[in-house]
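J.: Residues per chain are reported as follows:
Number of protein chains: 2
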Amino acid sequence: MVLLGSTGSIGVNALEIAKLFGIKVEALIAGRNIDLLNKQIEIHMPKTVVVEREEDVVKVNHSNVLYGKAAILKVIEESQSELIINSLVGFLGLRPTLKAIECGKRVALANKESLVACGAFIDTSKISPIDSEHFALWYLLQERPITKMTITASGGAFRDWPIEKLSHATLADTQRHPNWSMGQKITIDSATMVNKMFELLEARWLFGEGEYDAIIETKSLMHAVVDFKDGSSTAHFANANMQLPIAFAIDRNMQESILKPVNLAKVGSLEFRKIDVERYPVWQIKDELLAHPKRGVVINAANEVAIERFIAGEIGFMDIHTTILKAFALFVNEPQSVAEVFELDEEVRAFARVCL
Amino acid sequence: MVLLGSTGSIGVNALEIAKLFGIKVEALIAGRNIDLLNKQIEIHMPKTVVVEREEDVVKVNHSNVLYGKAAILKVIEESQSELIINSLVGFLGLRPTLKAIECGKRVALANKESLVACGAFIDTSKISPIDSEHFALWYLLQERPITKMTITASGGAFRDWPIEKLSHATLADTQRHPNWSMGQKITIDSATMVNKMFELLEARWLFGEGEYDAIIETKSLMHAVVDFKDGSSTAHFANANMQLPIAFAIDRNMQESILKPVNLAKVGSLEFRKIDVERYPVWQIKDELLAHPKRGVVINAANEVAIERFIAGEIGFMDIHTTILKAFALFVNEPQSVAEVFELDEEVRAFARVCL
Numbered sequence: 020m021v022l023l024g025s026t027g028s029i030g031v032n033a034l035e036i037a038k039l040f041g042i043k044v045e046a047l048i049a050g051r052n053i054d055l056l057n058k059q060i061e062i063h064m065p066k067t068v069v070v071e072r073e074e075d076v077v078k079v080n081h082s083n084v085l086y087g088k089a090a091i092l093k094v095i096e097e098s099q100s101e102l103i104i105n106s107l108v109g110f111l112g113l114r115p116t117l118k119a120i121e122c123g124k125r126v127a128l129a130n131k132e133s134l135v136a137c138g139a140f141i142d143t144s145k146i147s148p149i150d151s152e153h154f155a156l157w158y159l160l161q162e163r164p165i166t167k168m169t170i171t172a173s174g175g176a177f178r179d180w181p182i183e184k185l186s187h188a189t190l191a192d193t194q195r196h197p198n199w200s201m202g203q204k205i206t207i208d209s210a211t212m213v214n215k216m217f218e219l220l221e222a223r224w225l226f227g228e229g230e231y232d233a234i235i236e237t238k239s240l241m242h243a244v245v246d247f248k249d250g251s252s253t254a255h256f257a258n259a260n261m262q263l264p265i266a267f268a269i270d271r272n273m274q275e276s277i278l279k280p281v282n283l284a285k286v287g288s289l290e291f292r293k294i295d296v297e298r299y300p301v302w303q304i305k306d307e308l309l310a311h312p313k314r315g316v317v318i319n320a321a322n323e324v325a326i327e328r329f330i331a332g333e334i335g336f337m338d339i340h341t342t343i344l345k346a347f348a349l350f351v352n353e354p355q356s357v358a359e360v361f362e363l364d365e366e367v368r369a370f371a372r373v374c375l
Numbered sequence: 020m021v022l023l024g025s026t027g028s029i030g031v032n033a034l035e036i037a038k039l040f041g042i043k044v045e046a047l048i049a050g051r052n053i054d055l056l057n058k059q060i061e062i063h064m065p066k067t068v069v070v071e072r073e074e075d076v077v078k079v080n081h082s083n084v085l086y087g088k089a090a091i092l093k094v095i096e097e098s099q100s101e102l103i104i105n106s107l108v109g110f111l112g113l114r115p116t117l118k119a120i121e122c123g124k125r126v127a128l129a130n131k132e133s134l135v136a137c138g139a140f141i142d143t144s145k146i147s148p149i150d151s152e153h154f155a156l157w158y159l160l161q162e163r164p165i166t167k168m169t170i171t172a173s174g175g176a177f178r179d180w181p182i183e184k185l186s187h188a189t190l191a192d193t194q195r196h197p198n199w200s201m202g203q204k205i206t207i208d209s210a211t212m213v214n215k216m217f218e219l220l221e222a223r224w225l226f227g228e229g230e231y232d233a234i235i236e237t238k239s240l241m242h243a244v245v246d247f248k249d250g251s252s253t254a255h256f257a258n259a260n261m262q263l264p265i266a267f268a269i270d271r272n273m274q275e276s277i278l279k280p281v282n283l284a285k286v287g288s289l290e291f292r293k294i295d296v297e298r299y300p301v302w303q304i305k306d307e308l309l310a311h312p313k314r315g316v317v318i319n320a321a322n323e324v325a326i327e328r329f330i331a332g333e334i335g336f337m338d339i340h341t342t343i344l345k346a347f348a349l350f351v352n353e354p355q356s357v358a359e360v361f362e363l364d365e366e367v368r369a370f371a372r373v374c375l
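Heads up: the protein sequence lines correspond to chains Z and G, in order.
Everything in the first sequence is counted per the working numbering, starting at 20 for the first residue and increasing by one.
Everything in the second sequence is counted per the working numbering, starting at 20 for the first residue and increasing by one.
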């Protein structure tokens, strides 16, 4: 397999599963964490390695090291592997996804932005999502008619904050996820609920038209609920560990024991909350967005720029919402091709950089 | 169809579903609630009616009324219907189940005691259980390897009582079920947790060898949980209404909308509790019983007699547990035939009448 984003939390877990399944790692693509990359090279002995910056090439203990975005596409194109795991963060993960599908490969996809921005133009039959929520929905699907699919949210770092304090939240505050540790950007997306809106959009592309919603489950043990026409609902529980969705993304028929099951008697209680638009203002456009899912690229571009500006200290935490809502109100056209997705992405970014 | 126990809560709901599905009712078998029976006759126009007592025959507005246990078996044998719904209460429901299967009919079975006492000698491929818990397990089954099946209990009338008060509980106290209203006997069985032990035994016969357990879920919205080898668990939710399992027991492929789905955001929270052997002493023999499920007849006979004696004021509420535990300790042989089931049933009843 080819692993994009090997030193992130998904990448590290993917390598554990690769070891368990005895899967050969053809190429490792990483960012700037060269220490961890070197350890991974020692264990998995890839043929090719790609890093982000030219200056890091010499630090990598490997004879075949490339750098930069173009190298990623080249490695995908020239690889023998049938499986590409894409756990890059952000819009820059889209081109590798498109390239992999163009080359006839199967993509185990943790890069949410690929489907959010460009789902209309991606053959999702080639995609296995790496995400607890989509895995859970997939696990729950049956032949019976479905009326609604619901995914769960932790509620993020600010679920219990007084709402009036939110505009003063710092970057450090956003990183205090209640249930686990992930990368910086996705932890901010979790605090704004943008992450959950992205997952609903992905679900829309993966599972087709239908009713989608999300609720908060504070312990992050329940990941999805499917309502069937007869009145039954089924829910998926698992301990929060990405190895489970990764294992199934790699092998849909796998029958290994990956995690210990959730023990509900020990858990004792579960709490569910509605997603409140005062705390998560971006949630007010959820239905409109799901009705026009091609507009996902607008949300994503506005969100990425707003997060950069928030990290740079240019705007406050709640301004991330404002930026997204302004962009969504202004850019109402739907892209009709991949090229238009990239154009619109640029336009929205230019707007988002100056709109506040 | 032929409906045994038409005036009980299952029977009433079964007739609603029969109306919905346009199923003809060939025979109604009821007990002593002649008023309700007469209303049912008017709506469903059965060819034959059976009541419990000879003296009630004249009160029934029908030209073909029989009475007594032998008449039930005769009606089953002579019926044209392929489907028998058996919602009789207690061990007396067993002979009709056996007769129906002998006649090649399919049995939608709400009579728990049939499988509890005689599961080893019943072809369960002919049985569709009418029970939220077994329906839920059936709904959740998948091709994937399973490690454990768990059903839920409400905890019954005494789940929140101080344990030291339990020995003084009255019949009226036992009938205060926290979540719904059912017949007298099953409500007592719910308070002792005998009902849940019966359901585990039934599950064992319906779904085969494996690990079975139960937990308390106080709102009775979650009915079963299946643990899969990979580490996933799936749970079945539905509003507590027997029309859902009845509809599927009648037609396994039905696709009607029977109930409104559970809205977890409105539910707000769920609470799970371990089943405590101090509060439910009979639970201490759960594993032993599941390892030797043919001994179910002992538990059932002791329970039926103990409940009669409790209702008659001869013994206290906690003596129901004591009677069952004494009988289970004394009668260790496993019946090897249907005839031996009926013999052992008699022996245990004789013991249970005098053991305290």
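What the hints contain is simulated information worked out from the structure, not anything from laboratory work.
Check each hint, because a few of them may be wrong.
All copies of an identical chain are treated as equivalent in the list; a pair is satisfied when it fits inside any one copy or across any two copies.
Derived DSS-like pairs: lysine-lysine, alpha-carbon spacing no greater than 30 Å straight-line [to be verified]:
hint : residue 1 : residue 2
1    : Lys78     : Lys88
2    : Lys285    : Lys78
3    : Lys184    : Lys305
4    : Lys279    : Lys93
5    : Lys293    : Lys58
6    : Lys78     : Lys66
7    : Lys78     : Lys248
8    : Lys88     : Lys293
9    : Lys167    : Lys118
10   : Lys238    : Lys248
J.: Now tell me if each hint is right for this structure.
T.: Here's how the hints hold up against the structure:
In this assembly of identical chains, the alpha carbons of lysine 78 and lysine 88 lie at most 30 Å apart only when taken from the same copy (19 Å versus 88 Å across copies). Proximity of lysine 285 and lysine 78 under a CA criterion of 30 Å is satisfied in neither setting, with 47 Å inside one chain copy and 55 Å between copies. For the homomeric pair lysine 184 and lysine 305, the shortest alpha-carbon distance inside one copy (24 Å) is at most 30 Å, but the shortest distance between copies (53 Å) is not. Within a single copy, lysine 279 and lysine 93 get their C-alpha atoms no closer than 40 Å, and across copies no closer than 53 Å, so neither meets the 30 Å cut-off.
For a Cα distance limit of 30 Å, the shortest separation of lysine 293 from lysine 58 qualifies neither inside one copy, at 43 Å, nor across copies, at 45 Å. Within a single copy, lysine 78 and lysine 66 get their C-alpha atoms as close as 17 Å, which meets the 30 Å cut-off; across copies the closest is 89 Å, which misses it. Proximity of lysine 78 to lysine 248 under the C-alpha cut-off of 30 Å is found in neither arrangement, the shortest distances being 58 Å within a copy and 42 Å between copies. Neither within a single protomer nor between protomers do lysine 88 and lysine 293 lie at most 30 Å apart by alpha-carbon distance, with minima of 40 Å and 54 Å respectively.
Within a single copy, lysine 167 and lysine 118 get their C-alpha atoms no closer than 33 Å, and across copies no closer than 43 Å, so neither meets the 30 Å cut-off. In this assembly of identical chains, lysine 238 and lysine 248 lie within 30 Å of each other by CA distance both inside one copy and across copies; the values are 28 Å within and 22 Å between.
Violated hints, in rising order: 2, 4, 5, 7, 8 and 9; the structure is consistent with all others.
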